[in-house]
Amino acid sequence: MDRPIRVLVGKPGLDGHDRGAKVIARALRDAGMEVIYTGLRQTPEQIVEAAIQEDVDCIAMSILSGAHNHLFPRVMELLKEEKIDDILVIGGGVVPDDDIQPLKDAGIAEIFTPGTPTTTFINYIKENIIR
Amino acid sequence: MDLAKKLLKGDKRTLARLITLIENDDPHAIEVLKAIYNHTGKAHVIGITGPPGAGKSTLTDKLAKELNKRGKKIAIIAVDPTSPFTGGAILGDRVRMADLTNNPDVFIRSMGSRGTLGGLAKNTLGVIKAFDAYGMDYIFVETVGVGQSEVDIVKAVDTTILVMVPGLGDDIQAIKAGIMEIGDIFVVNKADLEGAHRTMMELETMLDFRQDEGWKPPVLEAIGRDNIGIGQICDNIEKHMDFLVKSDKLGYARRENVKKEIIEIAKGSMEVHIFNNNNKDNQLEILAERVANKEQDPYTASDEILKSFINRGIKND
Amino acid sequence: MFDKGKLNQLQSQKDTWEEGKLKKVLEKRPERKKEFTTGSNKEVGRLYTPLDVADLDYERDLGFPGEYPYTRGVQPTMYRGRLWTMRQYAGFSTAEESNERYKYLLEQGTTGLSVAFDLPTQIGYDSDYPISEGEVGKVGVAIDSLEDMEILFKDIPLDKVSTSMTINAPAAVLLAMYIAVAEKQGVSADKLKGTIQNDILKEYIARGTYIFPVQPSMRLITNIFEYCHKEVPKWNTISISGYHIREAGSTAAQEIAFTLADGIAYVQAAIDAGLDVDDFAPRLSFFFNSHNDLLEEVAKFRAARRLWARIMKERFGAKKEKSLMLRFHTQTGGSTLTAQQPENNVVRVAIQTLAAVLGGTQSLHTNSRDEALALPSEDSVRIALRTQQIVAYESGVTETIDPLAGSYYVESLTNKLEEDALEYINKIDSLGGAPKAIEKGYIQKEIQDSAYTYQKQIENEERIVVGMNKFMIEEPKPTGLLKVDPAVGKLQKEKLAKLKETRDNQLVNKNLEELSKAAEGEANLMPYIKEAVKAYATLGEICDVLREVFGEYQQNIIL
Ligand SMILES: Nc1nc2c(ncn2[C@@H]2O[C@H](COP(=O)(O)OP(=O)(O)OP(=O)(O)O)[C@@H](O)[C@H]2O)c(=O)[nH]1
Ligand SMILES: [Mg+2]
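For the record, the sequence lines run as chains A, B and C. All the letters of the first sequence, read from the start, carry residue numbers 1073 to 1203 under the numbering used here. All the letters of the second sequence, read from the start, carry residue numbers -8 to 308 under the numbering used here. All the letters of the third sequence, read from the start, carry residue numbers 1156 to 1714 under the numbering used here.
These aren't lab readings, by the way, just hints derived from the structure by calculation. Treat the hints loosely; a few may be bogus.
[Said to hold, decoys possible] Lysine-lysine pairs mimicking DSS-like chemistry, simulated, CA-CA at most 25 Å apart: (1) K1179/C to K1198/A; (2) K1632/C to K1176/A; (3) K0/B to K1155/A; (4) K(-3)/B to K1152/A; (5) K1152/A to K3/B.
Please put together the full structure from these sequences, using the hints given.
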């Protein structure tokens, strides 16, 4: 079915650098997606609940503060509690290489580090959404 | 009819998924809406509209909190424009409502206005039904008050709140015509800014010219950001519903709305069928070619389409 | 500055050159690109001559170093007198570890400390708040109470170093703690030297660590101006920051425009609060970014200095020389660094260092090459510092003042940047000033548009970033990156629990109540905050009291 892909773009945690999140939001819109932008300082609980209500295909989160090891897995945990397995979850930000595999093991589908072109991001979402 | 049953039982994720189906014009959605239709009609549907940045989301957030305190369950449909070029949209109203997100009595859904067949109004009406059957007491529909389709939605609700800000001046003149008809409650938000009283006076003067239908739209002052004036608005929302019920206008208005809805749905289905037929035998393309070459006029072409439409019947395929 | 007749002659010579020699070459070999632009997307001409700066008036537009309009620098001798302060921003995890790092940096020759706080501290939450989970000690040091501050500056003589603190929304609290630590060391407040960032407007615009709404935030800031004028006269009460505006994606012109517009708002607020402009303006300082377009950046710094001097004199009628001078700290551009081939970042930082120094900065932080990957390691912090030292001692650019002045290109660019910035400032004035323009989302939107344009240019390869979209290589994964020990959070929590048992809780409550009452009224809050701090009330407790009275800021997003 020809329908817009819905993506939640949010910033979990306290970090206020939203340049990347905003650029991504605009790029996704320009690629024909519906972007639910939830803004700064979101708790994992807020992100997961918003994702449910908005019935999104993808959750895209950005963290630049280094709190990814706590916040990303927490989102996955909450999704699991809600028995949700049809939302693609991806992350972006300053994530050291050593941290990437453990995050993937926790269920984050992909981590995009700084310098990733928005087209890579867009294509990844298009190719990997689950429904 | 699994989805309908689950929805009526109050399953949140079914609600979310059903809204997606409605938004996507999925035929399945129609089946569910048919099945739940009998369970609708209990919610009080409120349209919130006004110019961009007037504070509609901020007010909706505060109103929802206040009504929730009064023991009610609230749905919020926040509509933002879809880009006509890419079909994408940035839906940002949730930012203003972040701390409603984890309130179990509140459900917020952002919608792009999408340029789909049948229009935004049709889909929004479907979504309202889903929320209604789900058991929400209040359903807010936030739209930016500029285009015609938004006015259409507002006509489909029970109570319309028009949000203004001080110092609009010329804008008020420009939307005057629309205002006269659609507003049931007027809110001058951002009353902390200069000129609030003047704007209120201007509105009241304009409203004096409005035909008396038994309800004199109040003009209220608010500072949404600071949660000031919210109780008053809620009181007036309740009062307006009382008025609608007592004056028997509710039944009348809803019947009128249903009329429009039936026409909208019929129009939508026709459009779909015209496109579907075209996909099968290229009828539309062929006619268009002829009209463009001045071999035929568009009126006759349209008659021809309608004729074949009636001959083929309206089976869903 | 030039003779009219000579200029006319020059114009015709230039025409001849363009029609003759140049044209022939262009026909044979066109230039590399159709359009040449600066790093900020400003058109760049092929050649600059006196014709491009025909209206320049030396006395009016440039002047002499240390004299109005300060285009050439704020001191008469500049780096011939004293080099800039090499100030490396550092601080992570616990106060104990940061204290070690500061001592290391002082030994290595840094001349000023710069404290980075973690996000909970910057937003006024204690380490034991649920929302702080995962963030404690991550981007800087966690400070929950005066106790942590005492550890942070242990054995560092506060009358000898100058300390810069990157703290904004709760700046009053951290400043109060610093004064309290100094007093315990026997150093009185009037001897303290340093800076608090204290620039809330750019937090709303670009950096996001805001707490309170605009009005009460502006009050806290003017409270600090007033308090420091009396008690801490050598303290820089604010560092009006373009750095983060640039990091958020603005152009060079936007960076100075929005920063100075914020500056105007602070000055106006202080004047409205009844302060005399010449009482507080000498303590205002600025903080800018330095990017890769060397000459545009130099022009930017010069334009900012000139524009601010003119604003202070003409708009606010400031009289003291110090009130007119734009003194600034610079940090090299974090967003210009690449995660790919991180060694290349050393070169970028060197160019940016040159730009800052040629632009006349008063102090400088150079980024570490691995900043785009993780927290900088000790090695890379040292290289970053050495970069400054090489420019200072080997490059020769420090030996004369403002060496690029008089370059046709640089002067013309300086004019252009000032014009562009002024246009923005006028627009912001018409919206009712920076706070209103921020509430309307105007400034944020302008920056986002620039950021998006830049991103698209990178992806279309209209703009080249070496190692990122051109000259890429297969790289091994980076190793040896510093990570924060996740146990920090637990440690801080334990410290807090112990503190709450041992301090005089009655005194804490009493002082907090008094602060709350004062916040509801009009008094200067600094003395109340200081009393609360001295009783070991936590940062979170103090900010909660203020949150209760002031409410919280709601971000505005227009995408
Ligand atoms: N001064 C003032 N600002 C307000 C008030 N209420 C809302 N705002 C601000 O106005 C801006 C827009 O508010 P929103 O609630 O997003 O407005 P909106 O009408 O939903 O905007 P769109 O959905 O984009 O059309 C925000 O910055 C709010 O903080 C108020 O009472 N006074
Ligand atoms: Mg809105």
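Exercise. Can you list which hints this structure breaks, lowest number first?
Worked result: Hint check: 1 fails alone, others pass.
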